[in-house]
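Enquirer: Sequence order for the protein chains is B and D.
By the count of the numbering used here, the first sequence reaches residue 667 at its end, each step adding exactly one.
By the count of the numbering used here, the second sequence reaches residue 667 at its end, each step adding exactly one.
Don't read these hints as lab results, they were simulated from the structure.
Everything numeric in this text was worked out from a predicted model, so none of it was measured.
Some hints here could point you the wrong way.
In this list, chains with the same sequence are indistinguishable; a pair is considered to hold if it fits within one copy or across any two.
Claimed, not checked - Once the Cα atoms are required to be at most 35 Å apart in a straight line, the calculated DSBU-like pairs of lysine-lysine come out as:
#, residue 1, residue 2
1, 279, 185
2, 178, 273
3, 185, 273
4, 279, 447
5, 512, 388
6, 341, 633
7, 447, 512
In case you want the letters, here they are:
There are 2 protein chains.
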Amino acid sequence: MTFYSKLEQHYQKLSRLAHLNAICGWDQAAMMPEGGNQARSEAMAELAVMHHEQATAPELADWFAQAERETLTAEQVTSLKEMKRSWQINNLLPTDLVEEKSLAGSKCEHAWRSQRAANSWHEFSLNLKKVVELARREAQIRAEATGLSRYDALLDLYEPGMTTAELDKLFSEVKSWLPSLIHQVREKQGTEKVSTPAGPFPIEQQKSLSVDVMSKLGFDFHHGRLDVSVHPFCGGVPTDVRITTRYDENDFTSALMGVVHETGHARYEQGLPAKWRGLPIGEARSMGIHESQSLFFEMQLARSEPFMEILAPLAAEAFDRSNDSALSSANLTLLNTRVKPGFIRVDADEVTYPAHVILRYEIERDLIEGHIEVADIPELWDKKMTEYLGLSTKGNYTDGCMQDIHWTDGSFGYFPSYTLGAMYAAQFMAAIRKEMNVDNLIRERNLQPIFNWLDKHIWKKASSVSTDKLLIEATGERLNAEHFRNHLVERYLKS
Amino acid sequence: MTFYSKLEQHYQKLSRLAHLNAICGWDQAAMMPEGGNQARSEAMAELAVMHHEQATAPELADWFAQAERETLTAEQVTSLKEMKRSWQINNLLPTDLVEEKSLAGSKCEHAWRSQRAANSWHEFSLNLKKVVELARREAQIRAEATGLSRYDALLDLYEPGMTTAELDKLFSEVKSWLPSLIHQVREKQGTEKVSTPAGPFPIEQQKSLSVDVMSKLGFDFHHGRLDVSVHPFCGGVPTDVRITTRYDENDFTSALMGVVHETGHARYEQGLPAKWRGLPIGEARSMGIHESQSLFFEMQLARSEPFMEILAPLAAEAFDRSNDSALSSANLTLLNTRVKPGFIRVDADEVTYPAHVILRYEIERDLIEGHIEVADIPELWDKKMTEYLGLSTKGNYTDGCMQDIHWTDGSFGYFPSYTLGAMYAAQFMAAIRKEMNVDNLIRERNLQPIFNWLDKHIWKKASSVSTDKLLIEATGERLNAEHFRNHLVERYLKS
């Protein structure tokens, strides 16, 4: 057996362990009764240890060295590169740093639950300092191994190939037009009359509407399920994708748009090529590309006026309200494109969201590079929120830098993926619009050509090409933030 | 660290792997969409390999030898004995035999699906011969290691301490009175008027009735769930017990009695002592004792007239049928105690069930000991069915020796557990009745004293005593089939 084949077998084995983790994790979030948590956490921790042992098995270094000397096809060379990338990510950190990170993250996140409610920045900052210190150590190790800067080395974990230099350029462009765009949209929307549909919307009917919309969006229920969890997510494995949502009896649109978002993630997973199953080359390209698929489904497709023309009658039928004007497609379109600057990122609309992401990116970049310290965060947060969204968070840590747990586990470098995803999605849609009349297709209930495009240019590529190459092959150019701007102007100012 | 402590840690680790297997297995049966099956099977096979590697780790032989020389408490001595028993069970068979067994079992079971429908005994027997041959090899190895006879060595896997000598004695007693008892019951029931409640009984209402009855039977929903699967079972782990049922819109009693049965299994698991969690000493004592708890709940409690007086109004309320006389407690009692000899074991009532078990026991015992061959099965089956239940299966393999898959995977030695469970359950109830007025307690809706007795005498003992000792401590005597006979006579002839 060749060393390349041995490596393939090894990574397929690792993917089987990841399968067990995905299902038990989904169960923990969507099915498990509260009392099962301790034993489950212990069982999953045991699995994580076994996965880590296999992912860092000492023989792998030699196998990679040998495989690199073997005669391989071009596809195998790429596959080997992606296996090695996965190996290096797992293998670079010493075990004690991994453990320290895990402990510091748990401690910081656990204390945050009460500290946030009490607006206790000082206490929180003590735990966060430790998390940042460990993240800097990780960044240093990864920087030395890759030749990248410290923050870039972390960014590379989530968005391979992306750099601070490129992000700074992209985001400074966005910052140059976003505040005035938000202002213009707010002016325009100030005169619009929007009705909020009045609840209750029974959960069973919301569920049945969700399943109906998922089916229309091509979700394959032979290879997946929809369930409920406190924090909606897309989990499971490509042949069995588990998405979740959270229903609110008084508002059906938030759960429904959430379902559409997760359906985008799910179709990417379900569309990954079977021939590379279990291998790193067969996995999703990056967090940003993953987010581009959920945002393509949610923002590019579902929140458009033509799609609301499909959705409105389905909703009216599901809730048995054929005469409710609040459920008209015109009103649902207005409702689902309302723009309002707010403190909380996860509640933000499509237009103000990038401001939240850029703010975090700028702070976490400087934190990891050592240009600022944890103590500097609140003032910077307030300054940037005021500048980008006109909102001050002075003294309000609860709705400011303590609003979510994103930093508590040390996952610095992830934030840009959200806005990269929005930009990729807009660029994909612009390319698709060159090939077909998207609005007409939606109005004809014929989404298949759009899905075929995504399948061919994104899903079936998996990780076989770099993000740059994927974009160029799909759209003819590298990432270009102009498409995102055009999308926002078109939707929010021209229509 | 002592070797004893090392062994404890090792078995706790194994129980964490078993946890992952239990949850992924439950998911496969109750949640997984069809298309997820291949990847799931591969992931679970990988887990089985890892479990086997850990369960047969070469260092264990030395650890056991060293631990046996350490100074241990009496409880630790018992715990060590149970760990060693578990180790020996896993360690005795050579890997190639385990693999051959698995392959032959899968092949036999898979072909059975179409062979049963076609009544193709000859084709089936060719596969079964291979299964029997491997089971004999296993029995031989286990017999040599334990000093037991071949069949006893298999029996010991499921019902430690039980022997052919004792079973022959118990079952010959049962055979001496069962056929005439069945005859008498049939005569008596011939004049009874029973109404079958007319469906439909909507699934949602059946589900809500099931949950209600489970709550009344003390099922802890903080540590467990009820779901649906094709073949009902009790799975999960003690802190998170997953039971399943299968609803039929035309008949609510079958699903409900199934739920009660699995609730008995579940309460045993939920009641196992926390102090021994993850260790063999803390697991259920045997398959027979496990079945005794499900049959105690189903047969001793739920199918009694006093319990039907609780159940009838709950059912009338759940289905909104306050005036349906078919849902009266008197009619439900008759309905749930009907006796009718039939071909199919899994459809059998409480009175005729032992005949099916004794028939299988006698055949599998002689098969494993080499006194008969696979080719002899159909004739023996026909002869015994005719003798015990007055039904001939001549030429009818579909409803005879090919009716289920119990033998296809080579699990010989399991069958007696069903009837041992029924006997244990009757003996436990007889002992409880000496201490309290069970019927009055049920009528007062006060089941707690009964559950407390089970908890103290069975659940909290786990595997810390032998089955013999458990019975003596709980009931003052070893297994005595007379209690089972008394129960049947009392319920089916005197009432």
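Enquirer: Please sort residue 279 with residue 185 into within, between, both or neither, judging by C-alpha distance up to 35 Å.
Expert: both (32 Å within a copy, 25 Å between copies)
Enquirer: When no copy is specified for residue 447 and residue 512, does a C-alpha distance of 35 Å or less occur within a copy, between copies, both, or neither?
Expert: Neither. Shortest intra-copy (45 Å) and inter-copy (55 Å) distances fail the 35 Å Cα cut-off.
Enquirer: For residue 512 vs residue 388, is the C-alpha pair at or below 35 Å within one copy, between two copies, both, or neither?
Expert: within (30 Å within a copy, 51 Å between copies)
Enquirer: Classify it for me, residue 341 with residue 633: is the Cα-Cα distance of at most 35 Å met within a copy, between copies, both or neither?
Expert: within (27 Å within a copy, 69 Å between copies)
Enquirer: Which holds for residue 279 with residue 447 at a C-alpha limit of 35 Å: within a copy, between copies, both or neither?
Expert: Between copies only: 27 Å across, 42 Å inside.
Enquirer: How do residue 178 and residue 273 come out at 35 Å by Cα distance, when the copy is not named: within, between, both, or neither?
Expert: Close inside one copy (31 Å) and across copies (27 Å); limit 35 Å.
Enquirer: Measure nothing new, just compare the shortest in-copy and cross-copy C-alpha distances for residue 185 and residue 273 to 35 Å and report within, between, both or neither.
Expert: Classified as both: same-chain Cα gap 26 Å, cross-chain 23 Å, threshold 35 Å.
Of the hints listed earlier, the one the structure fails to meet is number 7.
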